[in-house]
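A.B. asks: Can you make the complete structure from the sequences, with help from the hints?
Protein chains in written order, with this note's numbering: chain C, 1 to 287; chain Z, 1001 to 1294; chain R, 2001 to 2445.
If you are wondering where the hints come from, they were derived from the structure by calculation, not from laboratory data. Please note that a few of the clues may not be correct.
[What the hints assert, rightly or not] Covered by chain R, according to a simulated footprint, are these stretches of chain Z (three or more residues, beta-carbon under 8 Å):
id, stretch
1, 1037-1046
2, 1060-1068
3, 1147-1156
4, 1269-1277
[As the list claims (entries may be wrong)] Not the full set, but computed from the structure, chain Z residues with beta-carbon under 8 Å of chain R:
id, residue
5, N1008
6, N1050
7, P1132
8, G1240
9, V1255
10, F1258
11, Q1260
12, F1261
[To be verified] Distance ranges between label pairs, derived from CB positions:
id, chain 1, residue 1, chain 2, residue 2, range
13, Z, E1206, C, S125, 48 to 58 Å
14, Z, I1189, C, V273, 19 to 29 Å
15, C, V273, Z, E1187, 50 to 60 Å
Every residue, glycine too, gets a C-beta built ideally from N, C-alpha and C.
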Amino acid sequence: MTIRTPTAALTGDERRPGRAHEILWLVLVGLVVLIWLGPVLWISNISLKTRAEIAVPVPSFIFRPTLENYAAILENPNLVRYAANSLIIASVTTVITIVLASLAAYGLARFTFRGREGLLTWILSLRMMPVIAVVVPFYIMYQRLGLLDTYAGIILAYLPVTLPFAIWLLYSFIRDVPVVLDEAAMLDGCGPWRTFLEIVLPVSLPSVAVTAIFTFIVCWNEFLLALILTANRAKTFAVGMSEFVLSYEVLWGQISAAAMMMLLPLLVIVYLVQRHIVKGMTLGAVR
Amino acid sequence: MARGPGGNWDRFVPFQFLAPGLLVLIAIVVYPTIAIIQNSLYDWNLLVGNRRFVGVQNYASLLADQIFLKSLVRTSIYTAGVVSAELVLGFALALLFNRSFPGLNVLRTLLIAPMLVAPVMVGLTWRFMYEPSIGVLNYLLSVIHLPGLRWISDTATALPSVGLADVWQWTPFVFLILLAGLQSIPESIVEAAVMDGAGARRIIFEMQVPLLSRVILIVVLLRVIDSVKLFDLIYVVTRGGPGNSTYLASFYNYVVGFTQFQMGRASATAFLIMLMISVLTMLLLRVILRGERL
Amino acid sequence: MSFEDEDRHEAFLHSRREFLRKSLAVASATTALPLLSPLRAAAAATQRVTITLWSPAGQRFGKANAGIIPLFERAHPNIKVNTVTTSIGEYFPKMATEIGGGSTTYDLFQAIPTFVVAFASGRKIVPLDDYLTAQEKADLDADIPKKYYDTFKFEGKIYGVPNDSNTQWSFYRKDLFRQAGVQLPKAWDDVEGVVKALQKTGQKDGTFAYTASLRRGEYAGAHFSTIFWSHGGEWWDAGFRPTINNDIGKKTLEIMLSLMPYADPGSINATEDDTINAMGSGTAAYAPVLWGNSVLTNPSLAKRGAQIGTSVPPRGGSRLASPMLGGLAYMIPVGAKNKDAAARYIKFATSRQIMRAWVKNTGQPARVSALRDPENLKTGPYFPTLAQALQQGHPQVRIAESFQLLDALGNQVARALTKEVTVAQALQDIDATFTETLKKGGHLK
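C.D. replies: Below is the structure:
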């Protein structure tokens, strides 16, 4: 196990730093992550407490844990449905976004043509529009098209939110892929499409993975459009969560349990997808 | 004519790649875009429904509104502070994680957790932690014999407190992108520099940062845009208070549209906010690119 | 059981009853065909109709409706009621968008009086006069405090019928007052003295003397208005010239500022939920102006429930208090598909007979008879205070721009309270904003 990064120079070691050093580094990183995760740990702490224990004036770390909050969530058929809705909507939107955005990013990154800068600017400007002003026009438009409270409706509404962001991210990453790769493939007789599909895309997999993660998260967490454009059938988890905030109190135990139950599968999905990022180490193998 | 890898191409070629995405985008946004521009020229009460043409009156009234102007200033300061913090922290974390050994994968995934927690929950959690008497932050401070702070109950500390929650939530985003960037720098270049005897500082600042400049630019652009549009946290944690201390531009927009139900004025507000973002972005592009091509 | 548990339990019982009723209906229809009396035949021939009711989730609204719907469906077997509830924070923006956008999804919904003028003048809701008999109208007029019921009428027609009412009044800790040796202040001039005394005794156990809902916008605006109106002030005169920038306005802001040093730290950004929590958890001793709710006097919901007393807010000098009126009423949108059935539900839910069931299911009635009913006082011991406060209450302004004005007013009040601007500056800015808005709306020439 060797560490070949400039930070190795920080510790003065070069090739084989030795196990002790690596373990120390792991501990340091672990500590950073632990502190950073503090609030998340706090959420999990609350999710295991009874209602009475949560309201205690002094926060307690030693208590008798209970699973009643998690049980309440699982027994709530609505929440499970909202989570399923969010999963479907986020996944479909992410797939569509990645496909359309990687194509567009390739076109923008590899070719220069008149209007390219203008196009890039226009795409970015879409992201600048605050959602609030857009919500009511969308509502009126959807009312006429019958798209209110449908999967298709909310997915279409999310695309203008996710596409500009994905296009810009992928554009930036593809620009960093050396053009010599494309040129080598074309010398071999590949057209632009084959070059894109067989050379550029595989090499950009880490960036695609990162973009996919972010797109998914954006869809998952989006609130205002989901609130106004969905009612009961297509209601998302983000909107459903807000219903734990009652008039006179927040159902802390249950909302924490719901948050944790959503967080864990998401973490697993992210873990599976982002393993590809590590492969970036071999990117330099052009020569 | 379009220039591409290896020479000139027919203009149709890039169009093929761009068409699907662009067509979808245009189809969806054409009506809302026209609607917003149009709405901003009308006085439109959402509840009553009838619209009255008022020309630029909405814009004039907004530009004369002290509260709106102050919210713009507040938003600019907030954005500058938050994005700088995220950039520095994110880069430090990326450097920390820019190696490979077992377990790092898991830790890296865990670090993304703040972005994955539902925004409502993030807001509520920090609000709870910020409670002066029963919140965990003041409790921890008391354990090490420090006085508790007033966090979101005081006009002076409310905005930084919101900023802290924001930085906590979004630094992982910056971290991940910068890490992907760092890891795409060919190993051979780094090794060569190390062999030449370059110290860590030189490697980081004179090699990695310049190579990453485009990625850093994109990240900063995206974060600036998102910070100016910040809404979720304000909505859940402070709703603009105490007083007006966390009344940011996007929340002002929400209040005009959904508390005052003035849709015309809200559209005009959105337009002005967009304008501000464009100006900021333009400035940033000029500074970071310094003449380089995009 | 948590609220959600109870809701689901209700739904479960409801679906069981549904099943039983359905199978009974099928059985009787098939086996009793030759024995059908003309009456039964008539009932069987009536169309089954489903109406959708939209209300905020939780106490007083969603829960209360859920409680009486089974009773309604038993009395009207051909009408089924579907409920949609949205958490109250998100309810109003969504409701405004949908009803303002002419939605056809809902047959009836609940809203506060400030929506009536805008919706009615925009023809988004239908007048309910034709659905009520003369007797019913007379009964409602007699039993609901006139000032409150009038807030749901517009241009001589009834647009909303309430079975819920709310206004602001005082909540105080009887034990802490006794400890400090003070009485509940009768007028605003006496409040600071009482609060000072409470502060002295409260220092020992860390309780704050005063708490209020002072968040920017509608909260600070409502608090200000109650004190302002109690002193005889009005937002504008007969010609719509704003009259807040005067001595009464100045005095109101000064009263509010004078109490800030004794307030719990959360007050400055508190909504009524936060203030309720402050009182209920024992953090504060006295909330002179707070939107009504049942939590505080219910020992099972609030730690010090039994110790909390209620009273109408303090007088403004010799004038009786004029707290702001709130409360929700049922309205029927123009796009409703089953207006007759919806009206039937409204009549049922606002009738005298249903009030006991309503209160038992966490409702907070508008009918004076219900507020004085000894049976109901067991659940809501503060009802007499509410009844009194309703009689004295002051309606919110009756123009379509009321939302803007209340928000702008509250914004400036919050700025004054946090010392971002001086009292004089705040009053001037309120005056300027009001003038601009009233002129734009064509009210002020």
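A.B. asks: A separate judgement is required for each hint: does it hold in the structure or not?
C.D. replies: Right, here's what the structure says about each hint:
1. 1037-1046: As far as the stretch 1037-1046 of chain Z goes, the hint holds, because 3 residues have Cβ atoms under 8 Å from chain R.
2. 1060-1068: Three-residue rule met by the stretch 1060-1068 of chain Z, so holds; n is 3.
3. 1147-1156: holds (count 5)
4. 1269-1277: Violated: only 0 residues of the stretch 1269-1277 of chain Z have a Cβ under 8 Å from chain R.
5. N1008: 52 Å, violated
6. N1050: 7 Å, holds
7. P1132: Result: holds, 5 Å to nearest chain R Cβ.
8. G1240: At 5 Å from the nearest chain R Cβ, G1240/Z passes the 8 Å test, so the hint holds.
9. V1255: Hint holds; V1255/Z Cβ to chain R Cβ min 6 Å, cut 8 Å.
10. F1258: At about 4 Å, which falls below the 8 Å cut-off, the nearest Cβ of chain R leaves the hint on F1258/Z intact, so it holds.
11. Q1260: Constraint on Q1260/Z satisfied, holds at 4 Å.
12. F1261: For F1261/Z, the interface hint holds, since the closest Cβ of chain R sits about 6 Å away, which is under 8 Å.
13. E1206/Z to S125/C: 48 to 58 Å: For S125/C against E1206/Z, whose Cβ atoms are near 34 Å apart, the range 48 to 58 Å is violated.
14. I1189/Z to V273/C: 19 to 29 Å: Once the Cβ atoms are compared, 27 Å apart, the range 19 to 29 Å for V273/C and I1189/Z holds.
15. V273/C to E1187/Z: 50 to 60 Å: Violated, at about 23 Å.
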